[in-house]
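Taken in sequence, the protein lines are chains A and R.
Start counting the first sequence at -4; every next residue gets the next number (the numbering used here).
Start counting the second sequence at 34; every next residue gets the next number (the numbering used here).
Don't take every hint at face value.
Said to hold, decoys possible - From the structure, some residues in chain A lie toward chain R, with a derived Cβ separation under 10 Å:
#, residue
1, Arg5
2, Phe7
3, Tyr59
Please keep in mind that the hints were generated in silico from the structure rather than gathered at the bench.
Ideal Cβ placement from N, Cα and C applies to all residues, glycine included.
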Amino acid sequence: MMTDTDSLDRIFQVIMRRLVETGQAPHYTELARGLGREVEEGRRLLHAVIEAFVPSWLFPDTDYIASFPPFNNLPTQHRISVDGQQRWFAQCGFESLAVTWLFAGRVVRIEAPCLDCGDPIRLEMQDGRLLRVEPAETVGHLNHPWTVAKAQLPFI
Amino acid sequence: MNLFRSEEHVRRWALFNPRSGEGLIALADLAALFGTPSRRHLLDHNYLSFWYPKRYEERRQVLERLGRATPFWLGEN
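If we strip away everything but chain A, and leave its shape as in the complex, we get (with noise of 0.2 Å):
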């Protein structure tokens, strides 16, 4: 069944911005609520989203959200502060970079952990400025070739 523009797009939004109110993604049911449609609808389309928004991934063989880039919806080692609360999940080290978009004019911190030794790393960024980088001389590393194929996205 064709899924229109529009009701992607407005799924998109319900989704995001739950996801920044709360740092959790609402469930299908809720979808189909907030659209004023009928719950397998609100299934069917979350399905839909979810294939367009490519980053984006679904529990494996279930109906729950599981990544939404730039958060996710499982606890992931990159733990982000707004305002002193830490709410959110980001999908990756990458995407964490991402999140400070979502929050104009505030201060998001992200707290992780080196995959190496276990000793933590500290950003803090405003509009996309990095204001603090704990150790400076943090980096980022692609482990493998960049790829758009769901099965390997977790894992790159």
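Position chain R against the provided structure of chain A, taking the given hints into account.
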């Protein structure tokens, strides 16, 4: 797509892929790569239909500017 305390930590990481040397990137470059115009409009009502399709080309342009427009970084469309 992880953060490490330094390049030395990347290379010492138990899961480090020895063919991923070009995968190292400075934070300022990473902030540029994830700060393209489409990233700033995630809450626009037409994000998925209007802004999201621009991502690949934006990313390609930044990678070109950074001297990283390689198959490793460009990947698939």
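Answer holds if the nearest beta-carbon of chain R is closer than 10 Å to that of Phe7 of chain A; otherwise answer violated.
holds, 4 Å
Per-residue hint verdict: Tyr59 of chain A, partner chain R, C-beta under 10 Å
Hint violated; Tyr59 of chain A Cβ to chain R Cβ min 20 Å, cut 10 Å.
Minimum Cβ distance from Arg5 of chain A to chain R below 10 Å?
Given a least distance of 8 Å, the restraint on Arg5 of chain A holds.
Consistency note: the structure conflicts with earlier hint 3 alone.
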